[in-house]
Structures are given as C-alpha cells and as structure tokens.
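Peer 1: Make the full structure from the sequences, and use the hints.
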Amino acid sequence: MAVSGQIMSLRDRQIVSVLQMLNLNETQANSSSGGSVPKEPIWKVLIYDRVGMDILTPLFTVQELRQNGITLHIPLHSPERTVSSSSSIPDVPAIYFALPNDENVDRICRDVQSNLYGTFFLNFIRPIPRSKIEEVASAVLNSGDTKCVNKVYDQYVDFVCLEDEFFVLNSGNKSSEEFYALNRPSITDSEMNAMISGVVDSLFSVLVTYGQVPIIRTPKGNAAEQIGEKLDKKIRDNLQDPRASLFNQSGSMVNSGDSFGSNYYANSRPLLVILDRNMDLATPLAHPWTYQSLTHDVLENTQNQVKFVEEQTGKPPSQKTYSVDTRRDPFWSTHRGSPFPTVAEAIQNELEEYRKSEDDVKKLKQTMGLENPDLMEFDVSDNTTKLTNAIKDLPQLLEKKRVLDGHTSIATAILSQIKSRSLDTYYEMESKLLTKSEAVQINNILLTPNMGTFEDKMRLYLIYYLMNNGSVSHSELEQFLQSLSSVAMSEREEALLDAVEFVKKWISYSKMAASVVNPSYNLGLQRGGQSSSMLNKLVSGSSFLMEGVRNLVFKRQNLPLTKITLDLMEGREVEDNFRYFDPKQLKQSSTKPTQPLAFNECIVFVVGGGNYIEYQNMMDCFRKKDVGGGGVGGGISNSGMGGPSGGPTKRIIYGASCLYNGSEFLEQLARLGREMK
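Per my numbering, the very first residue in the sequence shown carries number 1; after that it's consecutive.
Certain hints may be false.
Said to hold, decoys possible - Straight line, CA to CA, 25 Å or less: simulated SDA-like cross-link-like pairs of lysine to any residue: (1) Lys-584 x Arg-623; (2) Lys-419 x Lys-504; (3) Lys-233 x Ile-196; (4) Lys-151 x Asp-241.
Simulated from the structure, these hints should not be mistaken for lab results.
Peer 2: This is how it looks when you write it as structure tokens:
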C-alpha cells in the first residue's frame, strides 16, 4: 500500500475500504504490509458470495485475513453452512460480504432468524434496495433479538482490482459472453438497459473508491455513450445534496480519509474515457508476445492465478497453480510486461545468482567443518558472523528459489505452446499486418497443416481481413475456407468459421464511420534488438531450450484505443463525435469547453471486454509521458511525484467490463456471425 508522500493506487484504496469492513467498519491506520491490524484483534467469521470472493482474492492472502481477525471464511451458500442450532457460533461477530440479490438476502435472513452468529455486520457490494432492507428488518424481529444485526453497510466496491491500476467489473451473474450479449441482433431494449445499468453501477463504485468526480468523454452512437449519459446523471444526482454525497467538496471520497495516503492530484480532476470494443476488433484477436499476456492467452490466468498442466518425462501430467501478484512477486512485477525471450534470459540470470548464493553457503559449511571436521578453520568469530548472516538470509533465499521454480514452470509451459503452435511466426506476421510496415503473405502459414491450431489460423486471417478493410478477393477467401474445410474439424472448430461472417458485416457497417475512427494499428516490431544468444540458453532445472524460437523484440507503439486516450488527455482535437460530460456542472451539457483541457489522470474503460495486450500498451505509453508546463515529456514514476521535467506524471488506470483472450473473443465473433446468417 501507499506510504506517506505517495499517491494511493486504485487497489490501495479498495484494500482500505475492505480492511475497514474486516475490522467491523472502524477506521484503520495505514499499513505498508497491506494488512492493518488492530492492537487487540476481534476474532470474526467472514461469509461471502461468489462476487465477494472474486473481489477479495486478488487483495488478500489467507494469512492477511487472519492478521485481521478472520478465523473462518466460508461461502454464503456452502453446504457446510446449515441453519441449525448445532452449527451456530454464538458470541462471534459475522461479517457478510455479498450482493443484495434475492438469493443472498434470503439466505442472510434465514441466518439472522436462526441466530446463527452472535452479531451480524451486513456489508453489501452494491447499495441494498429499500425492499431488501425491510426483509432484513423482518428477519431481525423474527429472531427475537433486535440487536443481532449491528449495522448494514453499502460498500461501493463492485469491481475486481487485479493490479494497482487495472480493474474489471464483476456484476454477479454477468456472463463471460458480454461482447456477444451487447451486439447480438435479437437483444431487447430492456436487456440492453439492464446490462448498461449494471456497468454504470460498477463504474460508480470505482469512482467512489477512487475518490474523484471525473470529466467523462465517450464516442457517440454506441453503448459507451449510453453508459456515459447514465453515469453522468448518477454522479450528478449524488452531488445534489452535499450532506448525503459520497464525494466531499474537494472531490474526495467522504469515508476514505486522507490519512491513508496523500492525494497528489487532489486539486485536479481525472478524465474518464469510456470506449467501445467495436472500435478495435483486431487487438483482442492478436497473438501476444509479452509474459503476462501469454499466461492469459496460452495458459489460464484468472484472478492472478496461473493454471496449466505440467508434463515431465517419466511422470504423469499434473495440474499446477501459481499465484502471481505484483505486490508479492518482484520477478512478476518487473518482467510481466517484457517480451518472452527477455523473461527467459531474466530467469537464467536469477537462477545463476541463486546458485552463487547457494555455493557461498556450501563454502561456509566447508570452512566451518560442518561437512568435514578435519578442514575446520580456527577463525571462529568471523565464521560465526558469516553463519549468522547466512541464517538471516536463508528465508529470503528459499523464497527466491520458490518464486523462480514457479516462473520456470510457467515459462516452460508457455514455451511448449510457442514451439508446438509456431506462435513466434504468428506474432511476427500479425505485427507486420498491424503496423502495415511491409506487405505480408499469410497463405503459407494458413495452408501449412501443422503450423498452429485451427484457432490460430482463424485469428490471423481475421486480422488480415480487418487490416485490409474487407477488400480481400472472393477467390482468396474461398481458398482459405476450402483449405480449412479440407482438414478434419471438430464441431466447435467448424462453428468458428462463422466469425468471418460477423467481421464482413461489421466492416460494411463501419465503413461509413471509417473516417471518424480510422484506427492506425501499431504493435511495432524490431527484429534482433537483443543478443540472440539468449535464445540458445538452457535454463537449468527446467526442460525448456529457447533454440528454434526467434528473438522478436518489438518496438512498442500505440494501439488505437491508446492513441485516442492520449489525444483526449493532452487536449488535442479529436473527432467531434466524442461527447463531453461534466457532472459538476449545474446544467447537463455535452458541449466541451472552448479551451482545450489537458489531464494528468485518466481512467480508461472498455465496454465489451478488454485484454492484457491493450492494458500493457497503455501502461508502456504513459510510463514514458509526463507533463511539464503543458507539454509532454518522458517517464512516469510509481510514486507519482513527478517526471524528469519536474511536472506531475501522467497516471493511467485501465478497466474493462471483462477480460478476453484471443480464443474467447473469436468465439464471441463466431456466435454473432452465426446469428447474422
């Protein structure tokens, strides 16, 4: 968490809010460990629903929950929680953390009526409707103990913070097929309004937690505009009564308290840019090349938990799960955005450092005669000091070995996928397509049977089709489809061909607006930018050899949504199809000020789904930017205390309604195409 003199990240602020809840909604002092501990912890039970669990998982370990007095944590609807006198825990406070939906409130009321716990602290992720409050009140009366429910709280934390400045929404029964749901032809007005209202409620929670009232910009004519309109109204309504507002007059969250960290941007307002996934379909389909993006694309990375099947010679395959967190894993924090060959080299270097430390301990044991008494030296005082230091450093050394073993296993699994699917070739081709750096012929890849999976070929072809704006000859399209059809396909793979139908329709619909959006895709690519010798290193203790995988180190350039965001932040004139909302204005108006406004802070939200490629691209872009006298320089510091020019740094927060990897997004396009036939 942030310490004095540093700004607090979005995740820091969410941790503070949840810590306050875990400590029975008593304000806690800041703690650099991420877990504020009362002097005399009160032992409690924590009960949560699925959404509550998703919010808590990236924020706290089990140990940190225990440090805050949580001795038992259990799902709200767990079969182990039976409403009976034998399962009751009297005299113990219970903290509930859940959405205020029918199912959850009904279960909570049954717990209250049965006096399952000594005291109930009900914390709802979203504001609880009055009708549900009345149900809880009725349950309290039926319990016979009118003081059993201590308080009911609206927490406004309806989002999942995966990293300091990276969040996704979590709206209870939200489908993972959101892009499909928003764009399907048969969607009704009531269904669309319900989805948009859910997004608005969650974004409002983000802003309340962040503690600032933003200026809102949205493109016209899509779901992003509707979200902007409703969010502007929701904030405006909340600001009408200063006494009841969740924001104080300075724009900070009323109940957060600046004691948790100084707000470096207290006198400025952030920009909230709400964008639509339809503005860029190519990026979500692209094959990534950075470490974090690869864990999400070729393995399974959910809630900062990387899962995969590890295969070792002579052993049966085993399911592995590793936790990756920027606060607890320095290697992940440093290298998650690095190209994969760079990560392989970093693992090699870290292992060499570990072996050196291990050798030093062995030499010390020999010197002190612990392995051979005849070799014992007589400088007891000096050796004792060395041994004391070695013992002191041993926990850190063992932890480093544990982390390196985990990353070695993850990298081995990724490399296996790269080699078996020729992912380096796909990345190279797609980078050339997206940068339009040279003419690209993709037929050799598409027509070679063992070069990538069916999905890999589909993703490459759709990017090719998008970047040519649909101007692909009919014969070329037929050749591609026939080549795919000639190979035995599963029912699922055959269904993915319908994605072409959706992209064709999407291009025809969007050509009228091409001059408005006109995205210029730039992933960038630089061959041989680092020593290729790293690719031939065998990382000891693992099975992966980088031979045969090319060192494609790209020169990072801005993706379409990054470019739009940068233009809006710097006050440059973008197309007039962007609306302007200021919730602090007395009268609602979408007319932007005559003088261009520049912003140091920006929250970018993508409705319809985001991805790690886009997130990393935005972080890389704004890590190089700072503001000094209204100009744009370079460099962003984590402390937020200014860039090289002495001005405040640009700060970016990336959010999305959900996260897709390339395969998941391809399925969304295919399902839409199937319905458009």
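Peer 1: Indicate, hint by hint, whether the structure satisfies it.
Peer 2: A quick look at each hint next to the structure:
1. Only pairs whose Cα atoms come within 25 Å are accepted, and Lys-584 paired with Arg-623 is rejected, the gap being roughly 30 Å.
2. The straight-line distance between the Cα atoms of Lys-419 and Lys-504 is roughly 32 Å, outside the 25 Å bound, and the hint therefore fails.
3. Proximity of Lys-233 to Ile-196 is assessed by CA-CA distance (about 13 Å); at most 25 Å being required, the pair is judged to hold.
4. Distance hint between Lys-151 and Asp-241 is fulfilled; the C-alpha atoms sit about 23 Å from each other, no more than 25 Å.
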